[in-house]
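**Q** Sequences listed follow chains A and B, in order.
Each residue of the first sequence is one higher than the last, beginning at 1 in my numbering.
Each residue of the second sequence is one higher than the last, beginning at 1 in my numbering.
Simulated from the structure, these hints should not be mistaken for lab results.
Note that beta-carbon positions come from the ideal geometry of N, C-alpha and C, so glycine has one too.
This list has only true hints and no planted wrong ones.
Dumping the calculated EDC-like pairs for lysine to aspartate or glutamate here, alpha-carbon to alpha-carbon at most 20 Å:
1. 111(B) to 128(A)
2. 82(B) to 6(A)
3. 76(B) to 6(A)
4. 114(B) to 128(A)
5. 81(B) to 6(A)
Now the in silico label distances, taken between C-beta atoms and shown as ranges:
6. 114(B) to 127(A): 14 to 22 Å
7. 50(B) to 82(A): 50 to 58 Å
8. 115(A) to 94(B): 32 to 40 Å
9. 55(B) to 31(A): 55 to 63 Å
10. 123(B) to 31(A): 43 to 51 Å
11. 61(B) to 21(A): 51 to 59 Å
12. 82(B) to 117(A): 45 to 53 Å
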Amino acid sequence: MRQLTEDETKTLFSKLANYTGRSLNALVTSVDDPSSNDRYVFRLHGSRVYYMRLSLANLATSIPRANLLSLGICVGKFTKTGKFRIHVTALEVIAPHARYKVWIKQNGEMPFMYGGNVVKAHIGRWSEDCPEHQGVVVFNMDDTPLGFGVTARSTAETRKLDPTAITVFRQADIGEYLREEDTLFTT
Amino acid sequence: MAPTKPSKDSKKSSKPLSSSSKVSKNKDAKRPPPKEVKAKARTEPSLLKKKQKREYTEEELDLPKLNMITPAGVVKPKGKKKGKKFVDDAEGMMTIMAMVNADKEGQIESKMMKARQLEEIRQARIKEQEARQAQKKSKLDNAKESIRNKKRKSDDKEDSKSKSTTEDSSSKKGKRKSVAFA
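I would like the entire structure built from these sequences, with the hints used as guidance.
**A** Put into structure tokens, the structure is as follows:
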């Protein structure tokens, strides 16, 4: 387990910034207890990036690398070409800081959780002024984050679409916890 | 014109030439006697000393990079840290995040601007199309109206004509009858 290099940090942040606004800064600066010297850090283990408290990362140094499976929150993994692939486990990290949001109706929840894209008929409401191909976080009407994806069209264009047209391409959804149970945490 | 003897003037003009040559001779006489210049021997110590040639640095020579001994990309700057450069302090992360955020916001802004412009163009095109259609429709209506009016007018005329003709015929017939049976 090691810290991220400058390039890796940049790649990671630019990926996260697809879904979040300026409040992403809170990820780095946020501290649970201001009196302690603790803060949140990113650590690379294998090709995976984990988000955790510094104290936890320090504790983890006592565990042999081969024996350490996972710690903190897995944000995603670096591909061999150096790109970053964000995982559904990062939803918890990005959902509170989301820039653009899409709320889907009850009848759209199951299709989305089974890995389908979001069609216009299932959308309850959405953030205004969202450009196309922009990362969005998908919520249900009770504000529970269900996953994230990218918009197929801008909000202005979506209004003119027919109800069966795809508006958000799915990238990750919480259904993966069940569907990909076997492979989600393997390296 | 017949050829004439050369005038005195021409003689005079020739004289100064000779005099000038004389003058020049005089000047030669005034010059200091030529000094003998000795050719320096090749073994002369001053000649034997090599002149310092200007040495060019590699940058000045402007050689193509691939032509050098170390191939491009392999050159490693001296005195710098080997290996990966980690970012672990919050400040470094914040600077990177600020850069990334600024980048992303610029991208989103430009996307929005582009989308807005495209939308405007689309709206304008739709308006234009609607206006054109309305114009076409009005033209068609006008044409229809004019045709209807023409028909009405012609009908009226025909009616009046037919009425008049019937009246005429009846009157004629009456007259005839009266004439015939008178």
